[in-house]
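Note that the protein sequences, when read in sequence, are chains A and B.
217 is the number that numbering that gives the first Met the number 0 gives to position 218 of the first sequence; each next residue is one higher, with no gaps.
58 is the number that numbering that gives the first Met the number 0 gives to position 59 of the second sequence; each next residue is one higher, with no gaps.
Incorrect hints may appear among the rest.
To be verified - Using C-beta positions, here's what the derived DEER-type ranges look like:
#, chain 1, residue 1, chain 2, residue 2, range
1, A, 309, B, 102, 41 to 51 Å
2, A, 151, B, 124, 54 to 64 Å
3, A, 375, B, 102, 48 to 58 Å
4, A, 201, B, 82, 45 to 55 Å
5, A, 253, B, 19, 35 to 45 Å
What the hints assert, rightly or not - Listed below are the simulated DSS-like cross-link pairs for lysine-lysine, each with C-alpha atoms no more than 27 Å apart in a straight line:
#, chain 1, residue 1, chain 2, residue 2
6, A, 127, A, 262
7, B, 85, A, 184
8, B, 85, A, 209
9, B, 124, A, 184
10, B, 102, B, 121
11, A, 236, B, 102
12, A, 184, B, 102
13, B, 85, B, 102
14, A, 209, B, 124
15, B, 75, A, 184
16, A, 104, A, 127
Claimed, not checked - From chain A, some residues computed to sit far from chain B (all C-beta separations above 12 Å):
#, residue
17, 300
18, 361
19, 374
For the record, the hints were derived by calculation from the structure and aren't laboratory data.
Built from N, CA and C at the ideal position, the CB exists for glycine as well.
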Amino acid sequence: MTESGKTTGLPTANEACNERVTGHPLFHLSDRELEMILSAIDLLIVYMDREFNIVRVNRAFAEADGRDERFFSGQNYLRLYPDGEIEPIFRHVVTTGETYRVQGKSSRYLKRNQDRPSHWDLALIPVKTPREQVAYLILTLADMTDRVEAAGKVDRYVKELERSNRDLEEFAYIASHDLQEPLRKIQSFGELIRRRFPDSLDTDIGNYVKRMVDSAARMRTLIDSLLDYSRIGTRAKPLRDVDLSTAAREAISNLEDLINRTKARVEIDRLPAVQADYGQMVRLMQNLVENGLKFQKDGNVPSISIKTGPVSPPGAEDTETPSNPRFCEIRVTDNGIGFNEAHRERIFKPFQRLHGRDAYPGVGIGLAICRRIAERHGGNITGKSRPGTGSTFIVRLPCKHDSDEVPS
Amino acid sequence: MNMKPPIAKILMAEDDPDDQLLIREAFRECGMEDYLRFVENGEELMDYLHNREDYADVINFPKPVLILLDLNMPRKDGREALEEIKKEAGLRAIPVVILTTSKSERDVVLCYDLGANSFITKPEKQETLVNLVRDLEKYWFKIVELPGPAEGKTA
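So that you can see chain A by itself, here it is in the shape it has in the complex:
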């Protein structure tokens, strides 16, 4: 290959540019060294005159075309590779003397034996005479096929995700309207029976109708809860800076009635700021505090604290990725009835309850929603408790990204 290099009489870059770069040993390249570089690199290089007659190509180009390097000398580039888009670009560079770059251009000539279209970042660099006239052109082509394909794949995944989110929304709409409708009617006709036949109230009929109506009402609550749960993902807002103290205070104020009624004590520490969906953070804390208020022995005055735990460094048990190396911790502690840690996983699943409906109200969606919110933010939630001693729920959320703090 060095043979062909010599026979073409390739002018050195320095001759053509008439600009001798000095001062650094790397720029004093012998022809041999230049040849080594040209044949070793993966970048495709074509050297041609201003009429686009090829002077020579490098190894990578010849291989991409599937021909011997010696074939190209004297061939006209535009006749060899006719392309309506490329031709005007070539002429433009000759006229203006300015380098031209194109990104991700597909080629039907290069690497045509592979079973996928190839994509190239292309640069056409004019080499000028001392009088600023374009004498030669250097064409470089970098293979971007993998990158373009990867981007296309991501694009397809994103589209697919958007589609499935749309489907979910549609499902949610159907659930909220079409499924609720028959339930509303069961309730209405049940009520009608009781209105029209008031004497039936104390009979078996009245009892059965009441149970039917109550079940329908419960079904509606379940559907509403399920919708709520599914919307954590689909109705999500973009993440922004959220001061968790503010979110906690809003959660408390939403629970004002219940707090007053139970005479509960709620204490909020100074909490950190995170990147989050504000409404969902309020929801998360509200659910945890509400649980603390609700799951109490009769007569016990609830006492709840929201504190921040230590910022945890990366650890083996953590699920974080290198880009999310630190978590901050929010601990919500109550003095309620607690739970057996054997059920620790169960309590975070939708509609799982540890107690009878008569003992404590609710459908069992609160903690499931908490987990979904934490996970959507790249975090997690766990609970610690012993029955009778209250419980602590620990929410871990990725810290706000402080680029200067993140170890690389």
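Chain A is already provided as a structure; the job is to place chain B on it using the hints.
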């Protein structure tokens, strides 16, 4: 089939037979059953108002004093019917009360834009529905003054 002259003053377009029954029951409880008549969709409503097709008999199908309109119905929905009614000189004066399960803000705005006189979300409880019927009667037949009934009018 009906010997005595009709006193149907309220015409409701409602496609759902269950809702028809619940609404009729509420009217019955208020002693207003005879005031109410149903059509099944917007197309039938327009036929009724124009005394066309099955409703050609002007004596038996006089123009109503008040229209109750559901929004989501087959063939011609409530929105389309409302638009037609409010565009037509001979019908425009009849008050139209939207009675629907829709709570969408868009429907509320649209309906008032098209000239609806009230927009009411269907109550979920029968008791509330009964009270609503009482309120409607009080408001439209006792409080407000409406243009004289169109009963003498011939097409």
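Do the hints match the structure? See the list:
1. 309(A) with 102(B): 41 to 51 Å: Since the Cβ atoms of residue 309(A) and residue 102(B) sit about 47 Å apart, the hinted range of 41 to 51 Å holds.
2. 151(A) with 124(B): 54 to 64 Å: At roughly 55 Å between Cβ atoms, residue 124(B) and residue 151(A) fall inside 54 to 64 Å, so the hint holds.
3. 375(A) with 102(B): 48 to 58 Å: violated, 27 Å
4. 201(A) with 82(B): 45 to 55 Å: holds, 51 Å
5. 253(A) with 19(B): 35 to 45 Å: holds, 40 Å
6. 127(A) with 262(A): This hinted pair is violated, its Cα atoms lying about 86 Å apart.
7. 85(B) with 184(A): Given pair residue 85(B), residue 184(A) is violated - Cα atoms ~32 Å apart, limit 27 Å.
8. 85(B) with 209(A): Status violated; Cα separation ~44 Å.
9. 124(B) with 184(A): Cα-Cα ~10 Å, so holds.
10. 102(B) with 121(B): holds, 9 Å
11. 236(A) with 102(B): holds, 23 Å
12. 184(A) with 102(B): holds, 17 Å
13. 85(B) with 102(B): holds, 22 Å
14. 209(A) with 124(B): Within the cut-off at roughly 14 Å; holds.
15. 75(B) with 184(A): holds, 24 Å
16. 104(A) with 127(A): OK: residue 104(A) and residue 127(A) at ~26 Å, within 27 Å.
17. 300: Nearest chain B Cβ is 36 Å from residue 300(A), so the label holds.
18. 361: holds, 21 Å
19. 374: holds, 31 Å
The structure shown violates the earlier hints numbered 3, 6, 7 and 8.
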